[in-house]
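Let the hints inform the model, and build the full structure from the sequences given.
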Amino acid sequence: MGSARRAGLPGSGASLSLAAMPDEHEPTFPPSGTTQGVHMRPTANPPADDRALAEALLSHGEERAFRELYRRHTPALYQVTLRLLGGSEADAQDVVQETWVRASLKLDGFRWESSLRTWLTGIAINRARELLRRRSRRPTVGLDAVPEPSAPPPPQLLRMDLERAIATLPDGSRMVLVLHDIEGFTHEEIGHRLGISPGTSKSQLFAARRALRTRLTRSQELPHA
Amino acid sequence: MHEHDDDLTPAEREAFRALPRERDPGQLLEERTVRALSEHGFFSAREPRTRRFTLHPAWVAAAAAAFVAVFLGGFTVGQELANRRASAMVLELRKQDAAQAAAMVQQTGSAYVAALSALADYARDPHARGNELASAREVATNSLHAAASELVRLSPEEPLAAQILRGLDQAARRDSLTGNGVNEQRKVAWF
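As they're listed, the protein sequences go chains A and B. Residue 192 in the working numbering sits at position 174 of the first sequence, and the numbers go up by one each step. Residue 87 in the working numbering sits at position 82 of the second sequence, and the numbers go up by one each step.
No lab work stands behind these hints: they were computed from the structure. Zero decoy hints are in this set.
Restricting the straight-line Cα-Cα distance to at most 20 Å, the calculated cross-link-like pairs of lysine to any residue (SDA-like) are: (1) A:Lys124 - B:Glu44; (2) A:Lys124 - B:Val39; (3) A:Lys124 - B:Ser43; (4) A:Lys124 - B:Phe47; (5) A:Lys124 - B:His45; (6) A:Lys124 - B:Ala41.
Which chain B residues face chain A? A few, computed with CB under 8 Å, are given here: (7) Leu34; (8) Glu35; (9) His45; (10) Phe47; (11) Phe48.
Here are a few chain B residues that sit away from chain A, every Cβ distance over 12 Å (derived from the structure): (12) Trp64; (13) Gly79; (14) Phe80; (15) Leu86; (16) Ala87; (17) Ala91; (18) Ala106; (19) Ala116; (20) Val118; (21) His132; (22) Arg134; (23) Ser148; (24) Val157; (25) Gln168; (26) Arg178.
Idealized CB from N, CA, C, for every residue including glycine.
Laid out in structure tokens, this is it:
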């Protein structure tokens with residue numbers, strides 16, 4: 019912990035760049051890749067089912083097929099979007115809706131080289147990142163501004179306040195942490211998605227974890243104060 | 006090990022793992038999304054498509070031509086029927102006129118012959134006056150000449166009528182020469 023600050027690495031204090039905006043092409047990283055974090059990569063339903071529904075939607079404009087796809091993938095999309103946006107439900111709903119509209123309009127160009135959910139998640143990440151860039155809701159916090167945590171918080175507090183603590187992270191750090199530690203993306207995948215280098219992704223993850231531990235520790239100390 | 010790699014503790018890893026992966030955004034978002042896609046025309050195939058009849062210029066021209074053709078056809082047929090009826094009526098009238106004229110000719114001819122017969126009987130009477138006979142004979146001759154002229158006009162190739170006309174003309178020229186070179190004015194009584 020704190021090695022980045024001591025070494026003075028380029029990623030120290032750098033916020034996540036939201037300038038680069040990759041399009042919603044299919045991801046180039048392997049869908050089955052594992053990460054050093056939690057292996058919770060979005061899993062898709064059998065591709066044939068999604069594909070058949072997509073064909074029905076494209077060929078016949080079947081609203082029922084769309085609703086089936088929507089109900090199948092939206093809860094996961096909504097949850098990850100909600101975390102990426104720091105808990106703003108209204109923003110998350112806007113992003114999910116925009117994701118479905120954009121995905122439906124581009125569905126005929128989807129080559130099914132990855133799962134539909136992976137593709138949808140990529141679109142949602144881009145939409146969320148664009149929304150954050152537009153609003154610049156919170157100023158980014160450098161690593162130097164984050165104090166060193168004294169000790170890891172106990173597990174019960176971690177679980178209780180984790181969602182709230184994640185939501186209070188700076189936008190860039192939060193996106194990297196959510197994608198890496200919760201959704202299971204690798205730094206290469208995150209870098210591709212967010213338009214940053216894998217090294218920057220690692221730095222952001224380091225800053226995010228440190229800030230997260232600090233906030234969780236403070237929340238543990240406050241009730242006893 | 007990378008200097009940024011600060012692995013999660015088992016408790017942290019477990020805490021992340023325990024976070025929910027799905028969350029229901031509510032029915033309203035689904036309806037909102039469906040409506041947004043409908044506005045993009047995405048579900049138009051589901052709805053019964055109302056076929057629009059666009060008035061193409063060629064279609065309009067063809068319709069107008071067909072209308073004119075039907076109108077003119079009806080007008081022509083109606084006029085033809087009317088003409089046939091009128092022709093038949095005129096023909097019938099002419100037939101009636103010809104019959105009446107023929108009857109009148111027959112009656113007049115009979116009266117003419119009867120009058121000449123009576124005049125001939127009167128000429129044999131010794132008390133008959135010469136002036137009256139001469140006038141009656143001239144009226145009869147003029148009537149015969151007029152009748153022959155109409156008969157020639159009616160039928161130019163009628164030889165009898167033409168011969169009568171020639172004979173009457175020669176007699177008239179002979180009479181005009183016998184009156185001392187003076188062309189006496191005829192007293193013609195036309196009917």
